[in-house]
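Just so you know, the protein sequences line up as chains Z and U, in that order.
Residue numbering for the first sequence follows the numbering used here, starting at 1325 and increasing by one per position.
Residue numbering for the second sequence follows the numbering used here, starting at 687 and increasing by one per position.
Since the hints were made in silico from the structure, they are not lab data.
If you're wondering where the values come from, they're calculated on a predicted model, not measured in any experiment.
We treat Cβ as the ideally placed atom computed from N, Cα and C, and that holds for glycine.
The reader is advised that the hints may include incorrect statements.
Some chain Z residues judged to face chain U by a derived CB distance under 10 Å, without partners named [as the list claims (entries may be wrong)]: (1) Phe1361; (2) Ala1440; (3) Ala1580; (4) Leu1582; (5) Gly1591; (6) Phe1592; (7) Pro1603.
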Amino acid sequence: MEAVLQYLITGISAGAIYAMIALGFYVMWSAAKAVNFTFGDVFMLGGVLTVVLREMGLPLLLAAGGAILIAALAGAVIERVFVRPFNKGANAIGWMLTTIAVGTMIESSTTATYGAIGRALPTPLMDQPVRLGGAGVYLQELILPVVLLAMTLALEAFYRRTMLGRAMRAVAFNRVAAGLVGIDADRITMVAFALAGGIGALAGFLVAPIVQASSSMGVVVGLKGFLVAIIAGIANARGVVMMGLMYGVLEKFVEAYLSTAARDAIGFSVMILILLLFPQGVFGRREVQKV
Amino acid sequence: MSARITGWIALLVLALTIAGFPWLGDLIGERFPTSYELRLVMRAMILAIVVIGLNLLVGLAGLVSLGQAALFGLGAHVAALLSLRAGFSFAESMVLAVAIPAMMGAVLAFPSVRVRGVYLGVITIAFGLIFVNILREWVGFTGGASGLANLPRPTLFGEPLMAVRRTSFNYYYMILAFLLLAVWAQYAIAYSRYGRAMRAAAQSENAARALGINIVATRTVAFAISAGFAGLGGGLFANLTLFVNYESFTFNTSIELLLMVILGGSGTMAGPIIGTTVLFGATQVLQSLGEWQTFGYGVLLALVLFLMPKGIVGSAAALRKRLASKARPRATGAWPNWGPGLEAITAKPDEVGQATLIADRITLRFGGLTAVNGVSMEVRSGSVHALIGPNGAGKSSMLNVVSGFYKATEGKVTLFGQLVRDAAPYTLARLGVARSFQNTELFSEMSVRENILVGGHRHYRAGFLETLLRLPRFHREERSARAEADRLLDFVGLSEFADESAGNLPFGHQRRLEIARALALRPKLLLLDEPAAGLTHGEIEDLIALIRGLADRGMTVILVEHHVDMIMAVSDRVTVLDYGEVIAAGTVAAVQADPRVIEAYFGQSLAHATPVAA
């Protein structure tokens, strides 16, 4: 029973990371019907840049803020330079390749300059595990779902209550109509990518103390986040969050009861199977194709 | 000299160059090439085979695979495991090295090709990660990081297949033979109805479905073929290196393969070979970059996409076309032009006096919105039936139900005396239903003639193997399809535009082409969705003559239209819809006088209108 509780807690904590990344994908997809395919690298920047800025002498939170800011800027640049020109026409796929190119560049240049080996990011929340009904967890792990919840609520409030958020929803719903009422859809899309970049970097910063910040920390996690978003039906924020948490828990139980080595093979296979059963995503709605 | 002949000559030169390369040293009197260089060329040829397969997928079917390296690796591991563990012969293991990845490809493609683009990308990435994960962790079976070593040297007909410069290198020529076969297969598929169907599905799903093409099957086949090529490359690779492990087949390799396709020019015949040669050469250079090598790949990929999105061959072809095309004025022919041989189009109409379409209380709801509400209508064979009504009355929705694009929430559709229950558009097209679209849906990057040839897709009987081997029946059918396409082009007056890209046609011509393409299906029932919209007065006159001509020859036509003069001139019967319901039906004259119709159009019947003082 204690073991199950332990897996559940660490699963939810890992799932919170997937959910945050999936949320980033959701924000990008809503605005552009395209994403930064290698979003995992923006997530990585959050962790790595925090470490670098801290080593330069900045206090932890300031370093994190700086990293998030830089990642948000990177998100905006990626949108402007690598996504927008390659996202013309309904079935454009050029953005997939260009964002893969830029992701490759980010990751390999980080490896070359920062080094291939991960570095620790010490925080006070990793000092001592707390006991929770017999299960031992670090506060850093517990904080992840809390931040996720806050992030989801803040995002919903942003979409519903602020002018910018409403404009973003308008663009998501109908780009042309949004343009007709005076919304600069291109600008909004760029802001959305910056927002997603910030979300991803925040997730990277939060997870870095647990996994160590390395140039390769984002690749697989980013892909999992994207899969999670797609499986959930990418147009539904709450669904995306739920699916992220579930996937994290699933992984921990696979690790515990089946095999650590085969965790990803099993996890990905399950996702492919789910997509087979729900081509529109579990929480997605079938879009009526206009003929 | 036509581009095709230039291409074949270039291929011949390439084949001779590769074939002669091992003997270069004898010519210049040096010890070159050594086994090392021979192996490099062999590896490049193997990659080219894989890239040709990927080119079919990306360039024709418009689908992106980001896990092609895993399929390549699957072929390699199938070949390696079978010969190492099960003692299979070279030939036996090669057959399975092609077949198993091909099947895997079909399995992977099936769920994802229904929803385009991103999904397949994600699924293929996931597959690639699963593949590497299994290879790395299942040490007992695959050797893990140390891989599978010491494969037995392959033999064929008792002859060992060698790859050493000084003794024997017959395997080199075997790979060359496979490469040439791959080039041939690429050509044979691209220039056939299969290749056209793949391109059609990529450029307009709706139009392809309306012309009898099963999109899911087409894309699944495309992926299976492309995976088969990858498997072939993998099998050849394993038997060359006699050692395999997962490191050769990671995500980075998938990107490399994709980059080769795009660099060469996706969808072009020479692109894969040129892209592979250039990038494989560049890789040898990039290796000197050390830890910045991957960065170099990223830069290269971005540069190619920014500067040459069509790739080397594609850009060259575009340049050549621009230089060659003198601004030649082209004459648009008169239409409809009932030339000889067109009888075939209307040779098998629905039986005279039959009800071609019976729609029985059709209701169509989208969530809370009822677009069509209990509409019944009957259309006699050989008649022109107009469906009119104000905007949003449900006319197009009705047309979409009849052609299978929407599934009716309630009600029954009977076509040609046959109850069709939720039949897919491509099934209905094969029964004899053709349609045009309100917003013309052409295959804009295919030529005008090719657009019409896609319309003839379902008339072919030659199967895939016959097509691949170019057996007589393929040639016969292709010739007759081309002849019919030319007759249809003449019919709508577009003969001189046959080789133009459909997307470059002026609007009116696009409408003509869409109708000609629909007729290539030789339909019994033709559905036209606002064919007159955007046409000039003269063009509308011609359209009227065309529709009447078709009906007089036995074809049934259902027409959704706003243009009142046209409806009066062409229709036998009219059904009027408003808010999804039938408000009047009958002959043109009867409907015109119906007060409900007038009210639907003008808001208020004239009888109640306040007279305006003159």
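Non-conforming hints, listed in increasing numerical order: Going through the list in order, the structure violates hints 3 and 4 and respects the others.
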